[in-house]
Structure formats: C-alpha cells, structure tokens
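Residue -6 in my numbering is what sits at position 7 of the first sequence, and the numbering runs on without skipping anything.
Careful: at least some of the hints might be erroneous.
To be verified - Quick list of simulated restraints, FRET-style, between CB atoms:
#	residue 1	residue 2	range
1	253	9	47 to 57 Å
2	19	110	28 to 38 Å
3	210	243	36 to 46 Å
4	75	23	15 to 25 Å
5	196	275	19 to 29 Å
6	197	26	40 to 50 Å
7	103	198	22 to 32 Å
8	90	255	21 to 31 Å
9	200	9	41 to 51 Å
10	38	252	20 to 30 Å
11	155	203	19 to 29 Å
Calculated from the structure, these hints are not laboratory results.
Backbone N, C-alpha and C fix where the C-beta goes; we use that ideal spot for every residue, glycine too.
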Amino acid sequence: MKIGYPCINRTIGCTCGRTFRLKNFSEDRLEETVRSNLLCLLNILKFNVERTILFFRITSDLIPFASHPVCTFHWQERFQEQFKEIGMFIRRHDIRISMHPDQFVVINSKDDAVVERSIKELEYHAQVLDLLGLDRSAKIQIHVGGVYNDKEKSMQRFIDRYNALDDLIKKRLVIENDDTSYTVTDCLRIHFATGIPVLFDYFHHQLNSSEEKMADAFELLSRTWSEKDGIMMVDYSSHHGRGSKRSHAFTIDLRDFTSFLEQSKPFDYDVMLEIKDKEESALAALQAVKKDSRFIKV
DNA sequence: CCCTGTCAAGTCACG
DNA sequence: CGTGACTTGACAGGG
C-alpha cells in the first residue's frame, strides 16, 4: 500500500500547476511556466520520497492549455529531457502516479464537440505519462460522465466511445464511481463490457451507492485491475463537517481513516487522500498505517 | 500592496 | 433558474 495526495504541496512553496489566462498566452510565457512547473514537480516528488509518500497525482495544469488550439508550441520535444529525468526519479523510487482530468472531460457527452475536446485532453494526459516513460500502472482517472435522463443509453455511449479510443489512452484510462450518477455497480457493468479498471472512491460511495457493502466493492473492483494495471487505486476522503455534504474535509479524521483501513483489511491498494491540507494529512495517515501489514516500508 | 472578479472547457444537485 | 460543487484556487486588473 502506498499513500498519496493530489497535485499540490503546501509546505514547499512552489506549485507545479502554475497557469495563466488565455488572453495572456504566448509561447514564451508557456515555456517559462512549464519549466517552472516541471522543476516544482521534481521537488515535490523528492519531498515525498524523503517521507515515504510514494503515490502522487500530477496536476492537469502541468502544461497550461496543452489541448487548446492556441497551443502550437511543441512542449513535448522542448521538455523531453526534463520529463525523462523526472520519469527516472519516479521509477527509481517506485512512485505510483495518477492524473485526474477535470470535469470537462466527458466522453459520453451527447455533444460531439465536447467529446472531441475530451479526447484531446486525454491525449495530453497520456502524453505526459508516456514522456515520463511510465508503465501502464500510471493511470488517468475519469468519471463515466453525464446521464442525460437515460442511464442505459449513456452507459452504452461511454462503452462505444471508449472502445474507439486510441490504445495510448485506453491503456491508462480508469473510471471511478461518482457522487451523483454512476455507482460502483454501474462502473462494474462498464468494466465487464470494456475491460476498463475501476477505481474505488470511498467518499462517493458513501454518497451514492446501490447497496453494495464496502468490503464487497473492494472485492469486486480489485479484480478489475490486471497485473499490468497495478494494484487498485482508491480515493479516500471524508466530508467537511460544516460545509455541504459534498465538500471535502480540511484535515484527515484518523478515527474514520482507521476504520476504513479495518474494513478494507484483506485487500491491498494504493490510496489517494483527497483532503485539503494535502501532505499534512498524508503524513498523519502514514503514521496510522505503518502497523498495517499491507504497508511495506521502502 | 491588497482586494476581488474572473478564469477554456460540462453536468447535476440543491436552494 | 441561479449558484456551487467537483481532483486543485490562482491570476491579474484596479484600487
């Protein structure tokens, strides 16, 4: 088991998701931003490795406007060496990597233009992981998409669109159960039709499930990950006591986390802590988990 | 310097 | 019907 946090480190004081407004776009600005984002990414990974945090989600903002028509700059070639260096660091320390494109990626949309943009965005994510030289256990996680008042048809549309994707994307794509529309059971059905692995989101499962017990969900979903895909990824978070029921907690509730670990006992997986204070909670969770046999210190 | 409206992109729940 | 939520607030213009 590895523990990780998404995208942002609040200790180091750099961000690997620096971006800028579209109207200020220039190649120079893009080049400078990407350079600084990549430097920061390596710094964060080093920070993490020193603390045995071996799971990390790379921000989609790493290359601003990468899939936008305005971007004709060949960042892939320009930064090839930096990607290679970071990739070597990741492999040397056996860091698990994920990416999570934002909500605009909807491959089952009824609007072809949305689908087209979504695929471009997925291509960009796949390119980043390819440039890092990572194997197919580095994943890109997305939601199934919209329901459009007809879940059956919308699921079928996802399946058809997924099947038509380039293998460079397919080999990295996984779906996760979401908090409003597609449950673990829905995702499993899509898995059986496509072979796509399913990432388990603990928080979403509490908000939106169709009966399944958590242990059953672990059992079923862990089997959707093949040897090459690596062990199952799990998103963990709990909700903010005072905010809306969908908002994420500011810091980890170790009692809840420990109970979550207990419930998932027989299974091994990598867990991403979607919690606002980031590495702070990851370090606390690490302490809680160190007694667990699934966690092997590197 | 600080404040705050706005930022490429979609969909849905909630009030 | 408008707003906020989502994996993550940050940018930048105006005072």
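Now the hints, each set against the structure:
| no. | hint | result |
| --- | --- | --- |
| 1 | 253 with 9: 47 to 57 Å | 49 Å, holds |
| 2 | 19 with 110: 28 to 38 Å | 24 Å, violated |
| 3 | 210 with 243: 36 to 46 Å | 26 Å, violated |
| 4 | 75 with 23: 15 to 25 Å | 20 Å, holds |
| 5 | 196 with 275: 19 to 29 Å | 25 Å, holds |
| 6 | 197 with 26: 40 to 50 Å | 45 Å, holds |
| 7 | 103 with 198: 22 to 32 Å | 37 Å, violated |
| 8 | 90 with 255: 21 to 31 Å | 30 Å, holds |
| 9 | 200 with 9: 41 to 51 Å | 46 Å, holds |
| 10 | 38 with 252: 20 to 30 Å | 25 Å, holds |
| 11 | 155 with 203: 19 to 29 Å | 33 Å, violated |
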